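Chemist: So the sequences go chain by chain: A and B. First residue of the first sequence: 0, per numbering that gives the first Met the number 0; consecutive thereafter. First residue of the second sequence: 0, per numbering that gives the first Met the number 0; consecutive thereafter.
Hints in this document: simulated from the structure, not taken from any laboratory. Bear in mind the structure is a predicted one, so any value in this text is a computation, not a measurement. Idealized CB from N, CA, C, for every residue including glycine. Treat the hints with care, since some could be wrong.
[Unchecked claim] Covered by chain B, according to a simulated footprint, are these stretches of chain A (three or more residues, beta-carbon under 8 Å):
#1 154 to 162
#2 182 to 188
#3 209 to 223
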Amino acid sequence: MIQLVWLIPILPLIGFLINGIGRNRLPKSVAGVVGSAAILVSFILSLCIFFELRAGETKSFTIELFSWISAGNLHIPFSFLVDPLSVLMLLIITGVGFLIHVYSIGYMHDDEGFARYFAYLNLFVFFMMLLVLGANYVIMFIGWEGVGLCSYLLIGFWFKKQEYNNAAKKAFIMNRIGDLGFLLGVFLIFNTFGSVSFAEVLPRAAGFVQGDTVLTAITLLLFIGATGKSAQLPLYTWLPDAMAGPTPVSALIHAATMVTAGIYMIARSSAMFVLAPFTMDVIAVIGVATAIFAALIALTQTDIKKVLAYSTVSQLGYMFLGLGVGAFTGSVFHLMTHAFFKALLFLGAGSVIHAMSGEQDMRKMGGLKKALPVTFITMLLATFAISGLPPFSGFFSKDEILAHAYEHSPVLWGLGVVGALLTAFYMFRMIFLTFYGGFRGTHEQQHHLHESPKNMTIPLIVLAVLSVIGGFVNIPHVLGGGESLHHYLAPVFTYASAYIPGLTLDHTTEFVLMGVSMLGVLISIFFAYTKYVKKSEVPAAEGTRLPALQAASYNKFYVDELYDNLFRKPLDALSDFFYKVIDKSGIDGVVNGFGKAVMEGSKNLRLLQTGYTGFYIFAMVIGIILIMVLNFFLM
Amino acid sequence: MGYLSLLIFLPLFFALVIWVLPKRFEPMFQALSIGVSAAQVIISAALYYMYSLSPEGFRFAEHADWIYLQLGTLGSLDIDYFVAVDGLSVGLVLLTSIVMFIAAIASNEIKENKRGYFALFNLLGTAVMGVFCALDFFLFYVFYELMLLPLYFLIGMWGGPNREYASVKFFIYTLFGSVFMLLVMAGLYFSVTDPGTGHHTFNMLHMMDEANYSRDAIFSIGSEQAVLFGLPARLIGFAVLFIAFAIKIPVVPLHTWLPDAHVEAPTPISIILAGILLKIGAYGIIRLCLGIFPDGQVYFSYWIGVIGMVSILYGAFNALASSDLKRMIAFSSISHMGFVVLGIASLTSEGLNGAVYQMISHGVLSAMLFFIAGVLYNRVHDRYIPNFRGLALQMPRYTTFVVIAFFASLGLPGMSGFIGEVFTLMGAFKSESVNQLLPRWFAIVSATGILFGAAYFLWTLQRMFFGARRFFGGEAWHRALTDLSARELFVLLPLGLTTIILGVYPSIIFDVTNLSMNTIADHAYRSGSVYLNMLKVIFGL
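I would like the entire structure built from these sequences, with the hints used as guidance.
Modeler: Structure below.
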């Protein structure tokens, strides 16, 4: 079965081709079924491989499909790597992906681009699989940029709206900045190890000394790539804008899968990262800074999807914090639980938006829990999970990261807890504003309020179950668990584990840490409850003057404006300068000037052609004399 | 007659046929030209396949005495007809015939004086094919200059409103380069003797072998007498050849003929310009500059790298500022050819393989891009980017191909542009650790070209194709802007598939180029360093 792993990405590719080519002819029902079935079969195949891998002795298979490039000293086979990490990622991608495909059938039902939508979605899944299955950095990079393409196409899916296209373009270009880092990292890897395949690079890297400058450079470059794709400071601003895409897209690409590619890549390369402590510190600091910064922005957002977008940025920050402090399993764990609850939150938000006839502003919602009971309950469960309340999934994964952070540096832990408090606050704020209180929308909207159809609610329920129980795969020792995920992933992190000691905290400390963060979270929720349910506060309407701090948060700390003035405008001016001044006036000025000079010169020379024989004879005599004189002197 | 001669002279024969056929056959001229280039595609594809079976050295060689003149005390003039292809040229030969085929199909926008047009078109077909096959410098030069004549008229007579300015500019620029090339060619002739006959020779392969240089000639290797204006003559010879070819590529700052020529040229000629002509520049550098003057290449590599890097970025910035679709594509060509220059400058096998790959990839893509611009121009006679909006709704099928061409051009993995850019960059990146010719930051700075490439293509996509429909020409344009015709689809579909196939399975090219390019890179670097050291000793450089 493992040898047939190539079937898994091929199926969505076929789905893409069918829906892409037949997008104008296929009936909607067929398009949706083709798209979903491709992912479902991939999921089943992934499950088979998962069980086969668990049962088997060997934990890592490289399946070479064909010799892809062979030029100069570079030989890159097109090969897939099947190991616990890639299979786990496959399960997440196909599992959550399938649910989101099913949901999309309902959500996109009235859209004229229905088949095109499913084509893009399948193409995305295909590239995402290349990304996680690739057995070398170049195949990974193909997937890496390929998902960027699909993200671009899906953010700008409703391309009639120019601002959506802006968001799509911004996403692609900001991702490209990161991709440049990734690409240069790959160059340096090839330059250092003479190969780009994991199976050769990572063992060789493990032979380097800790703190090696080349490894530090490689890992920093790869991390730049990760900040782009996984929306970390300073390259995160595209993700909130990416909410322009259809909501299921936000759930799949911009929450559950694509944006976690950076975490996957670093986890995959852990053998190199652990040898670069400087990079690890950078990752931890950027991660925790992003977690808090994004959470601060999320506090005041009024668009339900924007809240979730910043929350995603913030949660990704947690995962990077985990990577930076060496909690590789913890990060992957959080990646998984986050995929469940964040996909659920987005799909739930989609259900709300669906019911509200497209309204996304929470100021115009309120009291929806009666009309949308399934959506409400499932979203509430997801909110428990993301806030880190036991025994929901987020609790376990976040706790693992925070415990490692504490061991690394209590300051990081403290900041992480602050982020957790903020998270609990803005998430419950979202729940309270949306589902509690009285309805604040129009009469027409109220009239239309309805729970979503089955094909949308069933995915919500399945994801809710996963959000609740997903944490049980890795219950820590301190709570009497067996850390199954840790053992499952251990073969992937063999090289890294030599440098990353396990947790040495005693159980009392761990309990205290857990208790502190949990107490904080409860207080935070209580605070939100008083503010938005007891006092029924509603965020101020557009245009109201806000206190300075709130205004800064509401306006996303003006980072977009800053980047605009710092980069976009100067670059625009520079290209204008190059074109108008240097090219047109400068170079062409010289070229045309040269032409003009020749013309003028010939005009004057032409005057010598007078036609008078006397003048010609005179000129001839002068010429002869000159030659004789010259001859005389030169002798 | 061998395959290559057939390939070269088939269009010439039909140029004559078109020239003499009576006027009533005029409607058939295009079909005839399409047929000729289709035959060329078949022949060159067969050659490519046969070459790929054992991809080593020069093959399909044809050798014949051509001109022999006794010149009294000067000796003799001995010119051969010598053609053959290796891993460098066989792909370019195939590319040439494909691009000519596409251009022939795109030629239906030509309405006036079809006889003159198609006669010149086929003449051009012979010239460009000959350039890639000729291994006798004189023969090369003949073909090289022969290209100028038809191109001058094709732009100057069938072009846009400002065509005369553009064609004269193009002519002067290129002539400026090739006049000096003639002098270098003559110098080489008198420096090199054929070991077989003992006569001087124009044979390029002999020129690449140091054993054939006489001790006291102008381009002798390691001789104190090889001096010109007090400078080492070989370096000057290199520089002259390089400038001649650099104008063709074109590199910044010798590029300003290109945007004008493209904007004014009719669609098929733009396709040929970008698809073939620019490659001749890069081909000339690899074949002649690296082959004959490797010392010059090693000596100037740093600066050639600078030129490549500047072209990449400068082209990209100008593309960003252009509002004429064709001008934008023209500047993007300059940027993309900059990668070729950078790859060559690195003198690594990755860089050179990447350069050839990028030439082929860009040949396909630029043909596609200019065809795309032509589709629009033929409908509404306008290419001004702000005059269009929301074309995706108006012409969805067309937009699909635009998206493919744009993303392939901006280097999306899985399509051909990516491989070429990555390999040239990787070569430049590696140079510092294998031959110290280019510092690593060249590769890093050049890599940002990929970013700006994404910027101008996506911006164009957004401005012209997305958003709500709004056209400058109002209702008339609404009616005129119909989706792709079957003929256009027939052109774009294979081009789009080619870029994807090349991107997914790049070995189609690398398997053919690899051995030849490794040899060229190796020869250029090794011999170049040795010769250069001799020069350094003599001239104290």
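Chemist: Against this structure, judge whether each hint is valid.
Modeler: Against the structure, the hints:
no. : hint       : in the structure
1   : 154 to 162 : holds (count 5)
2   : 182 to 188 : holds (count 4)
3   : 209 to 223 : violated (count 0)
The structure does not agree with numbered hint 3 stated previously, though it agrees with all others.
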